[in-house]
Amino acid sequence: MQNELMELVEQSSMKSQVPSFEIGDTVDVHVRILEGEKERIQVFNGVVIARSGAKTREMFVVRRIVQGEGVERKFPVHSPRIADIVVKRSGKVRRAKLYYLRGLSGKAVRLKERFAGGKATVAEAEAARVEKRAARKARSEARAAAKAEAKEQAKSQPPKKKGKKGEAPEAE
Amino acid sequence: MNVGLLGRKVGMTQIYQEDGTAVPVTVVQCGPCTVLQVRTAERDGYHALQLGFMDKKRKSATQAERGHARKVEAEPKRFVRELRQEGPADGISAGQVLTVEVFNDIKAVDVVGTSKGRGYSGVMKRHGFKGLRASHGVKRMHRHPGSSGPSADPAHTRKGIRKPGQYGNARVTARNLKVVRVDAANNLLLVRGAVPGPNGGFVMVRQTNKK
Numbered sequence: 001m002q003n004e005l006m007e008l009v010e011q012s013s014m015k016s017q018v019p020s021f022e023i024g025d026t027v028d029v030h031v032r033i034l035e036g037e038k039e040r041i042q043v044f045n046g047v048v049i050a051r052s053g054a055k056t057r058e059m060f061v062v063r064r065i066v067q068g069e070g071v072e073r074k075f076p077v078h079s080p081r082i083a084d085i086v087v088k089r090s091g092k093v094r095r096a097k098l099y100y101l102r103g104l105s106g107k108a109v110r111l112k113e114r115f116a117g118g119k120a121t122v123a124e125a126e127a128a129r130v131e132k133r134a135a136r137k138a139r140s141e142a143r144a145a146a147k148a149e150a151k152e153q154a155k156s157q158p159p160k161k162k163g164k165k166g167e168a169p170e171a172e
Numbered sequence: 001m002n003v004g005l006l007g008r009k010v011g012m013t014q015i016y017q018e019d020g021t022a023v024p025v026t027v028v029q030c031g032p033c034t035v036l037q038v039r040t041a042e043r044d045g046y047h048a049l050q051l052g053f054m055d056k057k058r059k060s061a062t063q064a065e066r067g068h069a070r071k072v073e074a075e076p077k078r079f080v081r082e083l084r085q086e087g088p089a090d091g092i093s094a095g096q097v098l099t100v101e102v103f104n105d106i107k108a109v110d111v112v113g114t115s116k117g118r119g120y121s122g123v124m125k126r127h128g129f130k131g132l133r134a135s136h137g138v139k140r141m142h143r144h145p146g147s148s149g150p151s152a153d154p155a156h157t158r159k160g161i162r163k164p165g166q167y168g169n170a171r172v173t174a175r176n177l178k179v180v181r182v183d184a185a186n187n188l189l190l191v192r193g194a195v196p197g198p199n200g201g202f203v204m205v206r207q208t209n210k211k
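Going down the list, the protein sequences come from chains E and X. If you count the first sequence from 1, position 148 lands on 148 in my numbering, and the numbers rise without skipping. If you count the second sequence from 1, position 161 lands on 161 in my numbering, and the numbers rise without skipping.
Hints are computed from structural coordinates only; laboratory data are not their basis. Every value quoted in this text rests on a predicted model; they were computed, and no experiment measured them. Hints may contain errors.
Quick list of in silico lysine-lysine cross-link-like pairs, BS3-like style, CA-CA up to 30 Å [unchecked claim]:
no., chain 1, residue 1, chain 2, residue 2
1, X, Lys178, E, Lys74
2, E, Lys55, X, Lys178
3, X, Lys210, X, Lys107
4, E, Lys132, E, Lys151
5, X, Lys159, X, Lys178
6, X, Lys56, E, Lys15
7, E, Lys55, X, Lys116
8, E, Lys15, X, Lys178
9, E, Lys55, X, Lys107
10, E, Lys15, E, Lys55
11, E, Lys74, E, Lys38
12, E, Lys88, E, Lys38
13, E, Lys132, E, Lys155
Covered stretches of chain X, going by a simulated chain E footprint (3 or more residues, C-beta under 8 Å) [to be verified]:
no., region
14, 19 to 29
15, 164 to 170
Take a look, some chain X residues computed to stay more than 10 Å from chain E by CB distance [stated by the list, open to error]:
no., residue
16, Ala61
17, His68
18, Phe79
19, Glu82
Here a beta-carbon is modelled for each residue, glycine too, at the ideal position from N, C-alpha and C.
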């Protein structure tokens, strides 16, 4: 009961749809900024190195290098000031927190790109997708065929079954 | 009329306002409360509303409680408290049900609750003393209070020296908490900041007299 009420309150402060992004992704964070009366959108581009918290308290950290100096900004995921989060590139990472990037500089900071299905290049990922689609199609066709066959058999089987059962002991 | 209700602390969370500022809030399930009795200066010597919150099983209520509730055609209540009024409460009669909507025009409230009990605690936990040093000759006295006053003159400990003792499980009032939201559909009141007691603890919320 108590938890349900809590959920209700938190729901009211959460975005219904948060753009999906993962650790290691290079993202553009669109931040709403008030300048006097006018509102404009500023973009902060960088690598997502951490995500923490849950529900209304969820935060993520974006790191970028500005003139050779590392800059990190921590954003609340559900804040109304975050207009959008656009994934530019997905990085291949093996950790939930990429704090080790803070100790690296230059070329070492780069992350290998990750494509859908864990493939190494765009072409491979595309090929894998096509293959998968074909396999799924074949499977569903096979299933449909099996179904149809089963239906037909069910129509003609009841009398047959009896006969078969009766015959079996004799044959032994 | 002094506005107030009884309720139950649900827990703390954080919500965003339209401009993006995050507000730490405590969610209080507030009301509906039945007015069990109206106390008046003529009869009782003071003005107050006796409120009841949450039904209690009839079998676990005493005869007196059942009879008291029957007078206003209500179930016996789990949590009953009096809300003092400065003058006669106009337009409120016994048996009336008050909902969280009474806080619609209220900017800030006081919340009265029972703080979390910490038992018999030492001075470090209870009063925030620093304790003694970890080394340099300190012997098994690391969480002690140190001196409790001068020696031969006055030859006794002064009154009011802070000592170990029962900590918590006492009535505490958090004053002047801003009302962030009134959710009439779910009987919820959101106030800014913390409220005494554990989640699920009973509290009284009343309009603040602080300016």
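Status of each hint after checking the structure:
no., hint, verdict
1, X/Lys178 to E/Lys74, "holds, 28 Å"
2, E/Lys55 to X/Lys178, "holds, 23 Å"
3, X/Lys210 to X/Lys107, "holds, 11 Å"
4, E/Lys132 to E/Lys151, "holds, 29 Å"
5, X/Lys159 to X/Lys178, "violated, 37 Å"
6, X/Lys56 to E/Lys15, "violated, 39 Å"
7, E/Lys55 to X/Lys116, "holds, 26 Å"
8, E/Lys15 to X/Lys178, "holds, 25 Å"
9, E/Lys55 to X/Lys107, "holds, 27 Å"
10, E/Lys15 to E/Lys55, "holds, 10 Å"
11, E/Lys74 to E/Lys38, "holds, 24 Å"
12, E/Lys88 to E/Lys38, "holds, 28 Å"
13, E/Lys132 to E/Lys155, "violated, 35 Å"
14, 19 to 29, "holds (count 6)"
15, 164 to 170, "violated (count 0)"
16, Ala61, "holds, 21 Å"
17, His68, "holds, 27 Å"
18, Phe79, "holds, 15 Å"
19, Glu82, "holds, 26 Å"
Hint violations for this structure: numbers 5, 6, 13 and 15, all remaining hints satisfied.
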